[in-house]
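Asker: The chain contents come next:
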Amino acid sequence: MAGVSKRFPGVVALDNVSLSVGAGEIVALIGENGAGKSTLMKILGGAIARDNGTIKINSEPVEIRSPREASALGIEFIHQELSVLDNLDVAANIFLHREPTTAGFLKLINRKRIYSEADVLIHKLGLDISSRTPLDQLSLAQQQLVEIARALGAGARIIIMDEPTSSLMLSETRRLLEIIKDLKRQNVSIIYISHRMHEVEEIADRAVVLRDGKNAGTLQRSEITHERMVRMMVGRDLKEFFKGAAHERSSTTNGNGFIVRRLRTIRYPNHTITFDVAPGEVLGIAGLVGAGRSEVARAIFGVEEALETEVSLDGETLRITEPQDAISNGIYLVPEDRRLSGLIVDFNVRENISLPNLESYSSAKIISRAKESKAAAEAVKAINIKTPTPEMRAANLSGGNQQKVVLAKWLTFRPRVLIFDEPTRGIDVGAKAEIYELIRNLAAKGVSVIVISSEMEEVLGISDRIAVMHEGRLTGILNRAQFSEEAVMRLATGTEG
Amino acid sequence: QQGIHSGGGGVGAGGAGGKHKLAFVTNNASDFWTIARKGTEKAAAEIPGIEVEFRIPSDGTAAEQQRVIDDLLAKGIHGIAISPVDPVNQTQMLNRASSGALVVTQDSDAPQSNRVCYIGTDNVAAGRQAGELLKEALPQGGKIMVFVGVLDAANAQQRYQGLKEALNGSNVQIIDVRTDNTDRVRAKSNAADTLVNNPDIAGMVGLWSYNGPAILSAVKEANKVDKVKIVAFDEEDPTLAGIKEGAIYATVVQQPFEFGYRSMELMAKYLNGDKSVVPATKQIFVPTIAVKRADVDAFQQKINQLRGRS
Amino acid sequence: MKKELGIFILLIVLCIIVSIINPNFLLSINLQNLARQIGAFGIFSIGLGLVIITGGIELSVGSMMALLGVLLSMTLTEYGYGAAVAVLASIGLAMGLGLGHGLLITRLNMQPFIVTLCGLLFYRGLARFVTDDETKGFGAADYESLRFIANGNLFGVPMPFVLLLVIAAITWLVLHRSVYGRYLFATGRNSEAARYAGIDTKRIITLTYVISGALTAISGIIFAFYTNSVSPANHGNAYELYGIAAAVLGGCSLRGGEGSVVGILIGTALLQVLRNLVNLLGIPSSLDFAVMGAVILIGVMADQIFTERRNRRQVALMRELSAREAK
Amino acid sequence: MKKELGIFILLIVLCIIVSIINPNFLLSINLQNLARQIGAFGIFSIGLGLVIITGGIELSVGSMMALLGVLLSMTLTEYGYGAAVAVLASIGLAMGLGLGHGLLITRLNMQPFIVTLCGLLFYRGLARFVTDDETKGFGAADYESLRFIANGNLFGVPMPFVLLLVIAAITWLVLHRSVYGRYLFATGRNSEAARYAGIDTKRIITLTYVISGALTAISGIIFAFYTNSVSPANHGNAYELYGIAAAVLGGCSLRGGEGSVVGILIGTALLQVLRNLVNLLGIPSSLDFAVMGAVILIGVMADQIFTERRNRRQVALMRELSAREAK
Ligand SMILES: Nc1ncnc2c1ncn2[C@@H]1O[C@H](COP(=O)(O)OP(=O)(O)OP(=O)(O)O)[C@@H](O)[C@H]1O
Ligand SMILES: Nc1ncnc2c1ncn2[C@@H]1O[C@H](COP(=O)(O)OP(=O)(O)OP(=O)(O)O)[C@@H](O)[C@H]1O
Ligand SMILES: [Mg+2]
Ligand SMILES: [Mg+2]
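Protein chains in written order, with the numbering used here: chain A, 1 to 497; chain B, 1 to 310; chain C, 1 to 327; chain D, 1 to 327.
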């Protein structure tokens, strides 16, 4: 691809960007949120049209006008936003539009083949389910794996992966990286977008960096280091992560703080979960995919029914059956699935940010536009949401910036308990540091913070204590002194605890 | 009470080109009105100085008729012959209309209103006629079922009333009335269900024009042509064919052509100052005719002519 | 705004054409008739529009009007209650029915289509049953105030239209400026995310059906006195279709979360002007449906084509601009 | 499957109750009548169901049937073409109209509701115009083969029902076992994602409207010969509602992406049994709508409550189990 440009109303998403991939090469495409990575790939994948530039495959200029044409050229795209169909089963998703058919006018699907081949594919990815499972019964991570299986099954020459690991935990990520290396050996080209620098360090042959829609440089295999990438992405040196993180705080609540006792969720009714978070403490919750962490968060917040639980905050027992009960007690949840539950993509940034707190921007139930806009503008500035104006539709924001909008919603509040479910999913390194700082500041103000995260680095860096879950069970709680990757993994895989 | 037309031809004749603008407003769309239309067309051709407009309110409701009237008045109409869907309660509307134009009711009357005259069928009498035909067809008596589109229409109620009057005290007994909301599929399945549920049914009466054919085909399919006497209203083709082959005993027909022609004629005369055309009763009944097997051929010929068929 | 603009232009063009062909269109009496119709149809259409914005549907308005109409007549003429009592009872009943719909939909998770379809059937049946299939009217007795609401004028403006304007103004404020309105859009767009934001989506949805019920009752009273009689089998038949069509023409999306009060008003006006013009232009009655269908189709089509062409032109312009910049 | 089960149980319970109260229900002649109705209504309902699965809607079926019906009569009786020609022309025309809908929806991005609403108005108007509001019939002339399709029996089974079974079987294969069906579900649930997968969603949607047109034509021919005459103003009125209701009762979601052929069949059967039972049980005609509404509501409600209770019971069971384990 050479000289590619793309404008959206109000934004120049790409300005004269070039990118090349050799056969069997793994190219990492990195950059801050909103740098234009997804847009560039959508152009290659035929999902959107470019304004300028050329695309060549084997030095032949090609026109890619639709995903179908991309597919015909051997380009498969794993989207940043899930594009699986939850009314079909796993196999149907994997083979969508490539179904083996029996001959005949009706084009009947060869079901035997589809299921057996799908089973093979998903097991290769370490997904331990039947390919007949309806997709709506899978967790986000499992759906992500299905989408990856789909691209792999297509036998493509070029596979684009837009943040494929953002909702995967360590072991799945490892397996995926192995598979990518395997594909490389089979001479498949990979374009890999990720905000996780160590993944890039591990697999990329070359890293192409975008900044503000322009090429900011290229790093060869030998040059790919964490610092160089970050410097190139943000155009400056970044202060150290997790600096001054968790000093040991009192982890005894003395009846104060946020206490959850005997929480049993519908999905894992045989296990009770009990933990507490002191005011000013950050409790990390770690675990493998599907360990039931999100379920716990949803049950506490009242979106999902808990079979049984006792929740108290500063000594006061709470009854939470609906989210508004939680919110009125100062308990908030930043959910993991931003497009489904985190924000309303058709609302603009301002409306999304003000939504949970609308009453406070209104008098006599009539919204004061001035107050609302001011609060939104402040929030946009506070966590640096990259948007030309708060009036931009959230759907038009880049993935990371959408996530920031989800976070921004709760910043205008005075929370007492804040639960983050995968807060930095898809967020660039620079913004991550800002979010960590934000979490620390919240804690410093006496908020009890719970951070559910699948990123080992993140849990270890941000938490004062770490609760680890395995298949719905709380296998242990580690104090700062006991922190280590091995300790977490042992509990997370259930080999201990 | 006195509308602008009360001054005789003077005001009324002031219309476009000195012509009287007359309108004929039906209650819904059906073949019946096609024949009436022929009558109005004949009137328009024969009577000098009138211009005739034919309006069919599409959904057959009082509201729809009111808008048609409102629009006609806005257009400066001089005379309206209307078949009110709901006479009792459209009185006000008719009065309002008659303060702007000459109003004549046809087909169904609104006696409480300021309409100048009614031209049409006496539906109670028509019902009675149907009742007499049934008694004639069923000398032994028996159970009968009545079918109609909607029962809250005035002509349905009046026919039903006449039917009941005529059968009162006889050994012909009405079991029930089934309605179909003018859906012919429903009309036929209503008849079919009745045949299933009342194996001993002796007669079936269709109060609205399409009920006859619907009953006929249900009866034929159930192979009960000999066992069930059918009395229908109006002159749909299958009804006439049914009479011809003896499957339908008789049908009571109105003369819509006369409605069309005579209402236009009356309004023209009235607007020209001749008020003697309105009788003291303010009602002109166009009698209904019973068509049986013997008269069906002649009738068919006449009706074909009116419909402009060969 | 863009969405309403196209249909608004269509409306204006139509009015101009009609008044050129037949200047009677502009007679104050015709405009009054038209305004009265727009008023009566507009009021319940707004309610329907709100329901559509929640992502729901309300099919029972026509039947509900029939039921309310016959009951209104019976309370007034047969049981001899006063006008105020009868009106309040009507509105109260309709709100109760709306509440029922809302609760069935939110508490029992039933599909709005099914709930209100059952309403459509049930209320119609009930209306026919309580009246024994007899048309109920208000005769010539004078319910001055009620007649005034349906047939009177205020400074020459028909009362239903005045009522519509008042109701539209209030609804506009509520929908586009108030917290409730924002919640409504949020719920319609993505009820899951709305719930996560702490919105009691069930309450919002239920409330909307109640409001729709109240507006249906007001329209129903106007229609009842406009026709002065209520035929239980026909009154209000297919009015839900008019309401839905007005809302959809005015930019409400049946997938929820989209729509505006102004759009609904324009949609209603368009439908009524179409009905009016068929009569004024002397188009054969048999063709009136065809004309309505064709005009709406052509209008919306033209709008769509223009929008698309404009977009394409913008894209081309941008391409040019960036090409020039690149040099 | 779960979704259809509830409504299926309702259907069975209803049939049992009716046949206990009135054993005539089980008479072969009644079952034949019923099957004939189910056949005629079921065929176009399947088409409508497919459209609903794409996330669209088709409101014009009733009007289309009226138009096709009068044209069928005219080609046969007035222009004297043969039955085969007339039938093919009918189906061809309907497919053409469906194609038109599909193209307007997919190429011009118009809302299905608006396009087919215009169809509803336009075709009805056209039917009335070409016939000059006159009812068209087939007289006594014998179109043996056509009459057989509508009124005949094959080994005692009414032809429309036989046709329905054949069509349902084919549609079942296509919808639940073929590539096309899979694309249809994908398109209905998330057309963007389907597009990303390389599916030509526009073609799929257009094709579905064409199929719906063809099925409407078949139903239309059956209805025309069932009544033996077609009143342009009334024929097929509100049939779209029956079709949509059947599909929705049978588990199709108006948001698209959900539904099954078996469900649509059960939904159709339920509606027809309800119509039949009103006559058989001698329920006053004025109450028939009320009965239909009430039975559907109660049925769906019971289903919903049972499902919920079952879920809750499961939860309770789990609770107990785990409590026991905890000891
Ligand atoms: N449809 C659209 N309309 C308007 N602006 C858009 C649209 N899609 C993307 N943008 C803008 O284009 C820019 C680039 O977005 P893109 O999604 O390519 O970023 P990204 O590099 O993938 O970021 P992230 O890491 O957060 O996913 C952003 O400023 C975004 O707001
Ligand atoms: N609707 C559903 N039906 C059945 N099982 C489900 C459903 N949703 C989630 N699950 C399963 O429940 C388990 C717990 O999911 P949950 O999202 O709570 O876990 P998690 O620890 O947050 O994992 P993740 O990292 O995937 O978010 C997973 O195994 C998932 O497959
Ligand atoms: Mg991106
Ligand atoms: Mg999770």
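Derived by calculation from the structure, the hints in this document are not laboratory data.
All C-beta atoms, glycine included, are put in the ideal place defined by N, C-alpha and C.
Please note that the accuracy of each hint is not assured.
[Stated by the list, open to error] Derived, one-sided and incomplete: chain C residues facing chain D with beta-carbon distance under 10 angstroms:
no. : residue
1   : T77
2   : G82
3   : D133
[What the hints assert, rightly or not] Lysine-lysine pairs mimicking BS3-like chemistry, simulated, CA-CA at most 27 angstroms apart:
no. : chain 1 : residue 1 : chain 2 : residue 2
4   : D       : K202      : C       : K202
5   : A       : K107      : D       : K202
6   : B       : K224      : B       : K38
7   : A       : K181      : D       : K3
8   : A       : K214      : A       : K112
9   : B       : K282      : B       : K224
10  : B       : K143      : B       : K220
11  : B       : K282      : B       : K42
12  : B       : K282      : B       : K227
13  : B       : K143      : B       : K164
14  : A       : K124      : A       : K214
15  : D       : K202      : C       : K3
16  : B       : K42       : B       : K302
17  : A       : K365      : C       : K202
18  : B       : K135      : B       : K282
Asker: Is it true that the CA of B:K135 sits at most 27 angstroms from the CA of B:K282?
Answerer: Given pair B:K135, B:K282 is violated - Cα atoms ~32 angstroms apart, limit 27 angstroms.
Asker: Need the status of pair A:K214, A:K112: alpha-carbon distance at most 27 angstroms?
Answerer: 48 angstroms, violated
Asker: Taking only the CA atoms, is the gap from A:K365 to C:K202 under or equal to 27 angstroms?
Answerer: 19 angstroms, holds
Asker: Any CB of chain D closer than 10 angstroms to the CB of C:T77?
Answerer: 20 angstroms, violated
Asker: Mind checking the alpha carbons of A:K181 and D:K3 for me, to see if they're no more than 27 angstroms apart?
Answerer: At roughly 45 angstroms apart (the allowed maximum being 27 angstroms), D:K3 and A:K181 break the hint.
Asker: Between B:K282 and B:K227, is the straight-line Cα distance small enough, at 27 angstroms or below?
Answerer: 44 angstroms, violated
Asker: Would you mind confirming whether the straight-line C-alpha gap from A:K107 to D:K202 stays at or under 27 angstroms?
Answerer: 19 angstroms, holds
Asker: Taking 27 angstroms as the top limit, are the C-alpha atoms of B:K143 and B:K164 close enough?
Answerer: 13 angstroms, holds
Asker: Below or equal to 27 angstroms on CA atoms is what counts here, so check D:K202 against C:K3.
Answerer: Holds - the C-alpha atoms of C:K3 and D:K202 are around 23 angstroms apart, at most 27 angstroms.
Asker: Interface hint check: C:D133, Cβ to nearest Cβ on chain D, cutoff 10 angstroms. Holds or violated?
Answerer: At about 5 angstroms, which falls below the 10 angstroms cut-off, the nearest Cβ of chain D leaves the hint on C:D133 intact, so it holds.
Asker: Would the stated hint for C:G82 survive a check requiring a Cβ distance to chain D of less than 10 angstroms?
Answerer: At about 29 angstroms, which exceeds the 10 angstroms cut-off, the nearest Cβ of chain D leaves the hint on C:G82 violated.
Asker: Given the hinted pair B:K42 and B:K302, is their alpha-carbon gap at most 27 angstroms?
Answerer: 15 angstroms, holds
Taken one by one, the earlier hints fail for this structure at numbers 1, 2, 4, 6, 7, 8, 9, 12, 14 and 18, listed in ascending order.
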